[in-house]
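J.: Residues per chain are reported as follows:
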Amino acid sequence: MFEHTYRQMNQTIVPEERLKNEVLSHGMPSRRRGRPLLLAAVLALCLFIATPVLAANIPAVYEFMYLVSPSMAQRFQPVQERCERDGICMEVVSTSVHDNIIEVYVTLQDLTGDRVDETTDLFDSYSVHRAYDCTAHCERVGYDAETKTATFLITLEEWDNEKILDSKLTFSVGCFLSRKTALEDTAVPLDLTAAGEEESAAPETLGSIVGHGGLRNGTLPYVLTPGEVLYTPVDHLYITGAGYVDGRLHLQLMTDEKLSLDPHGYVYLMTREGEKLMAAESVGFMTEEGGRRLDYEEFVFDATPEQVKEYSLYGSFWTSGCCTEGPWQVTFPLKGQ
Amino acid sequence: MQKPQCTAAELETVMERYGNMVYRLAYAQTRSKIDADDLYQEVFLRYLQKAPRFESAEHQRAWLLRVTANCAKKHHSSAWNRHTVPLEDKYVYSDPEASELDAALEALPPKYRAVIHLFYYEGCSAAEMARMLNVRESTLRTQLTRARRLLAQQLKGEDYV
Chain A
1 MFEHTYRQMN QTIVPEERLK NEVLSHGMPS RRRGRPLLLA AVLALCLFIA
51 TPVLAANIPA VYEFMYLVSP SMAQRFQPVQ ERCERDGICM EVVSTSVHDN
101 IIEVYVTLQD LTGDRVDETT DLFDSYSVHR AYDCTAHCER VGYDAETKTA
151 TFLITLEEWD NEKILDSKLT FSVGCFLSRK TALEDTAVPL DLTAAGEEES
201 AAPETLGSIV GHGGLRNGTL PYVLTPGEVL YTPVDHLYIT GAGYVDGRLH
251 LQLMTDEKLS LDPHGYVYLM TREGEKLMAA ESVGFMTEEG GRRLDYEEFV
301 FDATPEQVKE YSLYGSFWTS GCCTEGPWQV TFPLKGQ
Chain B
1 MQKPQCTAAE LETVMERYGN MVYRLAYAQT RSKIDADDLY QEVFLRYLQK
51 APRFESAEHQ RAWLLRVTAN CAKKHHSSAW NRHTVPLEDK YVYSDPEASE
101 LDAALEALPP KYRAVIHLFY YEGCSAAEMA RMLNVRESTL RTQLTRARRL
151 LAQQLKGEDY V
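Protein chains in written order, with the working numbering: chain A, 1 to 337; chain B, 1 to 161.
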């Protein structure tokens, strides 16, 4: 039964023709990120207009939409369905249905605190329930600091290019991250010239392998045995190792909140002249200590101690400060045009 | 030594034959249409660059599955990608059973999704999967058992997994 359902689900998962054509023309196209021109206009207006145009009230949202594109605003119909839980209000503001496309503006507002901010996204924590099979796409299009409201545009494309008739849609959000911190291309104050050959082990003996990149000959390199925290670039992300294994420089990052706050980052070496040396290989592994999950990522550089003297250590690091659990769910009618 | 070459016509034939297989494994692991698009391109561009020669169609299929699985692992572990992919495209199913299974798969770690896909959809044996995913066969069997158990838990004790 499982196998049958899974097979059925996979039958609809196929690459688009344009993707095949792009590969055949040997091109590497940029990623699709919705409709760039309209989004650029939206973001530009968000920056340009001093008044909070994306507030979670209908007149302001429509005013904003008319500013961007009167014809687009005409297409949208008000919905105003809300779901409130733990002081967070999710509101479906308006929808537009045309051909096989459904567009939905949704706002997320914190009524009691500041858990919704300009960094809030729904990334992989939203779900859509429809009576028909479709592809869903969600992006944040604005944030109003005064009302602590983030606005998202959800686009659904039904398969088979069938025109959408009257029906309904359920949109739900399980949780969301906010208060994100980004520390990009920052100097890391570790003296690599003091690093020596360190104790190492096969990563699979330390924990479960969760990923790797750039492997030579398809084999995992030995990794540093995790040690004390050497440096903490952002909360819950630590450098737990810096040393040489088999004559190559290894740097090890660790996080203890991967599943809740998504701390992550990478490190690289750079000369005074700005020449970067990126890791040649990387290995990710996960361990459990006292019921706590620890995720490690080790970066291996093709650099000997002599070569490392020419470089300083840099990195880019990100984390979130808040994970707010829901769920919030709204079901609303769709009217075909 | 002469550099291996693959013509556009050869590539098109391979894409026609194995394109869906590659794309489905990529989506099974990443759960993102955008990421699956990227992996699909990466796999076939590697094919183009390496122009591998195979003894049989089975070897060719195994090569493509292995490269897809490895690219997906690399993609998943890359902090750069995690940072630069703020959006997500996903398939949504109208059938409640498919929708429930989709949510259960979403909750699985990527390596387990790969194992489930290769076993149930591609019909690979444990030995084949172990070679493709570069793990020991015993490890692979453990992963498959855990993946099934997690899926069964997600599906509220359904015993058909």
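No lab work stands behind these hints, which were simulated from the structure alone. Values in this document were obtained by computation on a predicted structure and should not be read as measured data. Backbone N, C-alpha and C define an ideal beta-carbon position, used for all residues, glycine too. Some hints could be false.
As the list claims (entries may be wrong) - Computed cross-link-like contacts, DMTMM-like style, restricted to lysine to aspartate or glutamate with a CA-CA straight-line distance of at most 20 Å:
#1 20(A) x 95(B)
#2 258(A) x 198(A)
#3 50(B) x 22(A)
#4 258(A) x 302(A)
#5 20(A) x 10(B)
#6 20(A) x 12(B)
#7 168(A) x 12(B)
#8 258(A) x 106(B)
Claimed, not checked - Residues of chain A clear of chain B, computed beta-carbon distances all greater than 10 Å:
#9 2
#10 3
#11 15
#12 16
#13 22
#14 86
#15 168
#16 195
#17 204
#18 206
#19 213
#20 230
#21 236
J.: All the hints need checking, so say for each whether the structure fits it.
T.: Evaluated hints:
| no. | hint | in the structure |
| --- | --- | --- |
| 1 | 20(A) x 95(B) | violated (29 Å) |
| 2 | 258(A) x 198(A) | violated (26 Å) |
| 3 | 50(B) x 22(A) | holds (18 Å) |
| 4 | 258(A) x 302(A) | violated (28 Å) |
| 5 | 20(A) x 10(B) | holds (13 Å) |
| 6 | 20(A) x 12(B) | holds (8 Å) |
| 7 | 168(A) x 12(B) | violated (41 Å) |
| 8 | 258(A) x 106(B) | holds (16 Å) |
| 9 | 2 | violated (5 Å) |
| 10 | 3 | violated (5 Å) |
| 11 | 15 | violated (4 Å) |
| 12 | 16 | violated (8 Å) |
| 13 | 22 | violated (7 Å) |
| 14 | 86 | holds (22 Å) |
| 15 | 168 | holds (12 Å) |
| 16 | 195 | holds (22 Å) |
| 17 | 204 | violated (8 Å) |
| 18 | 206 | holds (14 Å) |
| 19 | 213 | violated (4 Å) |
| 20 | 230 | holds (18 Å) |
| 21 | 236 | holds (14 Å) |
In the structure shown, a violation is registered for the earlier hints numbered 1, 2, 4, 7, 9, 10, 11, 12, 13, 17, 19, in ascending order.
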